[in-house]
Amino acid sequence: MSAPNIVQTKPGDSSKTDFAGLLRFIVRNRALYIMLIPGMLYFLVFKYFPLAGSVIAFQDYNIFKGFLDSEWVGFKWFEQFFSYPNLLRLLKNTVIISFYQIIFTFPAPILLAILLNELRMQSFKRVVQTIVYLPHFLSWTIVFGFVYTLLSVQTGFVNHAIEALGGSSVNFLQKAEYFRTIIISSGIWKEMGWSAIVFLAAISGISPSLYEAAKMDGASRFKQFLHITLPGMTPAIMILLLLKIGHILDLGFEQIYLFLNPMTLSTGDILDTYAYRIGILGGKYSLTTAIGLFKSVVGLLMLVIANRASKATTGEGLY
Amino acid sequence: MKTNRKWVSMLVIAAMLTVVGCSSGNNGNSGTNGDPAPSPANAPSADNGGSTEEQSKDLSFTMYVPDQAKAVPSGNLLEDPTIAYMAKASGITPNITFLANANYVDQLKLKFAASEFPDVYMGFGLTQGDGALDNDLILPLNELIEQYGPNLKQVIPQYAWDAVTINGQIMAIPEPSNTPSSRLFFMRKDWMEQLGITEYPKTSDEFLDLLRAIRDGDPNQNGEKDEIPFTMREKFSWTGDNIWGMWGISPYEGIELDGEVVPGFLHPNMKQGLAFMQTMYKEGLLDSEFLLNSAAITNQKIASGKAGTWGAGPSSAFFFQKLVSDASPGVNADVAVFPTPRGTGYDGPIGAVNFKVNKSYLVMKSAKDPVAVVKFFDWLFSEEGQIFSELGVEGINYAEEGGNYFYRQTSEAEAKTEWRTVLKMHAHNEKAFAAKYSGPEYEKMLNAIEISNQEGLESLTMGMPAVGQNLFNLYYEFHEPAARIIVEGADVDQVWDEFVKDWRAQGGQELIDEMTKWVKENKQ
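Chains as they are written, first to last, in my numbering: chain A, 1 to 319; chain B, 1001 to 1524.
Some hints could be false.
[Said to hold, decoys possible] Here's a subset of chain B near chain A, in silico, CB distances under 10 angstroms, partners left out:
| # | residue |
| --- | --- |
| 1 | F1112 |
| 2 | G1129 |
| 3 | A1434 |
| 4 | A1483 |
[Claimed, not checked] In silico EDC-like cross-links for lysine to aspartate or glutamate, where the CA-CA straight-line distance does not exceed 20 angstroms:
| # | chain 1 | residue 1 | chain 2 | residue 2 |
| --- | --- | --- | --- | --- |
| 5 | A | K175 | B | D1491 |
| 6 | A | K175 | B | E1488 |
| 7 | A | K175 | B | D1369 |
| 8 | B | K1109 | A | D69 |
| 9 | A | K92 | B | E1480 |
| 10 | A | K92 | B | E1477 |
| 11 | A | K175 | B | E1283 |
Hints in this document: simulated from the structure, not taken from any laboratory.
Glycine included, C-beta positions come from ideal geometry on N, C-alpha and C.
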């Protein structure tokens, strides 16, 4: 993104009022401002106006009365949510799975991008890239079907292999201790290739002259990676990492909901699946909104903290 | 600079136009401006008033129904031959809006939230949770039915009216069910015969013996021990209901216990079913993947000749026969429904919960012409309407010769008329039934209807508004301890008694009180 060619005036510099100067500035750069309108409208209509709907977290929302006439109940839903006996389990599962995602899922596409970048044969690279990003287009329902076909005790390939090697079969999908592993690894399989595209773009944005200069100075392949590729990718990595941290309580409802069953609730029940069970199935819009609001506030706090930390350490930040 | 001025002036003009537009709109509504045409708002309504009189020849109403996940006619619906026939034969034009089947109730709620109200919409009994009933938006139909519904009064039995009546007010037009007990046990009867067992199991112990025989006897004759004696679907779904039903429990339905009305899973008899399932799992009689089986996976297990017994709705009586026969034409498969065995040490009613009413139609208070709605449904209950709703339109779906109907099943998908099942309101029409089903299909369907009428459990809370059940979510809490009992072999009494105690403490008691109060006020 190169800086737009803005015509410089200095509002308030002359004797005229600031406002007139600002207006003239806007009019002079009108093309840019007009181009800004659709984007701003998008955020207003789809992001900011719906924020007002969050008031239903403090109401006993009734769809026939709407949020203007529904009764105000203060923090009732938050109290109900925080007094849920399994709340600690929900938070623990959510944070642990999120933590695993940051540790294992997040670096996977970075590694893939770096490995792909080191390939010599462009055609081979393209084929690999296409194959690994295809799973992104499958729905989680289909991915669950694959996982079931692999891990089923009755028909699964993995269990047949274990039995052929003399072991006894394991009911992977109905055991709490395997749940997080399955979630994380299927998540990596599905999204790794797609997420790598951003990092590949970041790598290709690095000026070739840097590599040439490094080669002239006798830098090895690894040194080039360490001192050119990695620093070149850092801004992209940091921004995506910060965004991921901002979504610390959002794990992707669909995937976990599909994999979850009563035997795996103890390690896999998260805020989103709880909100779905209690709210959507039970029609409790206010309670679900309260849970959503709680998640957003926690996410915002995490984002601010992480951004501060990132700025202090690497100098990179979202804002 | 010139261009700048042009821009500013354009902005100013635009702003002025907006202001003028708004203010003139306000004036028009308030009517204070002394405009020469002061009442534009009144004029159209006068027109409407005039046209309703004309419309007496041309009755119509709007209606929301689920699309049954089938292809529905598009474009101008009045040109669709089926709808055109219906409008002509009944003299009333229904303006149908199809909503997606999968999340029908959610879409209804969205429509209601946007103040889009149909004149009539489809529901399931009175309990689907769209909230219209609880918010007093539904029109009681007693007088209209008395006046305009001779067929309704004649055909619909009292028990079906009772299911949609609250405090003497009829809140919906019901479809009486001809298969009240909502789930039945199915089995591969050819396997049972293969194993040398001649009679259906009559007790839970005999049922266990049958399952053991299926496990050990290799009835599918492939030399492998791959039979699944009993399979059921994930989430403790209705496909396993008849197991609790051997001890008279339907997990989610209200049952009396020590003067209170509690959900079935709180009743001590629930533990008998749990212990039974624990035994089944331990001995390898229950599908080891009973927490994972989606509908597709379950059907595949049945089709591929692995499953010996399972539970399903009575209407699937022939579906599974066809599924198995189509998948393995060489095998002489015989899928049969059989009466629910009686649980050891129990002598009350057995089976699954009775649904006396399948679907129902609720008329909204905002309906412009509720008479047209009632007249239309009255037509659906006439002989002509019954044949139409089951067999379709002559020349499209069936042919008639000398009083005999020749129905062509495949025409439904071809002519996109499968949605018509939303209009089937009567319980049983022998002529249509005989035209639809023949040979083994006829017998299997009839057998399922018979068994379903011989067993079944009464639910005390049938008809209780879902929205009133403030703690609806608590219904799913029993899945986890139940799974632990069955899979991990935990002690039934210890785990379940503790769960029941916790459940009551976590707000369950509130739900119990609500249920008890509702039953007292509405059912006794």
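These are the hints, each one checked on the structure:
{"no.": "1", "hint": "F1112", "in the structure": "holds (6 angstroms)"}
{"no.": "2", "hint": "G1129", "in the structure": "holds (6 angstroms)"}
{"no.": "3", "hint": "A1434", "in the structure": "violated (40 angstroms)"}
{"no.": "4", "hint": "A1483", "in the structure": "holds (4 angstroms)"}
{"no.": "5", "hint": "A:K175 / B:D1491", "in the structure": "holds (19 angstroms)"}
{"no.": "6", "hint": "A:K175 / B:E1488", "in the structure": "holds (10 angstroms)"}
{"no.": "7", "hint": "A:K175 / B:D1369", "in the structure": "violated (58 angstroms)"}
{"no.": "8", "hint": "B:K1109 / A:D69", "in the structure": "holds (17 angstroms)"}
{"no.": "9", "hint": "A:K92 / B:E1480", "in the structure": "holds (18 angstroms)"}
{"no.": "10", "hint": "A:K92 / B:E1477", "in the structure": "holds (19 angstroms)"}
{"no.": "11", "hint": "A:K175 / B:E1283", "in the structure": "holds (19 angstroms)"}
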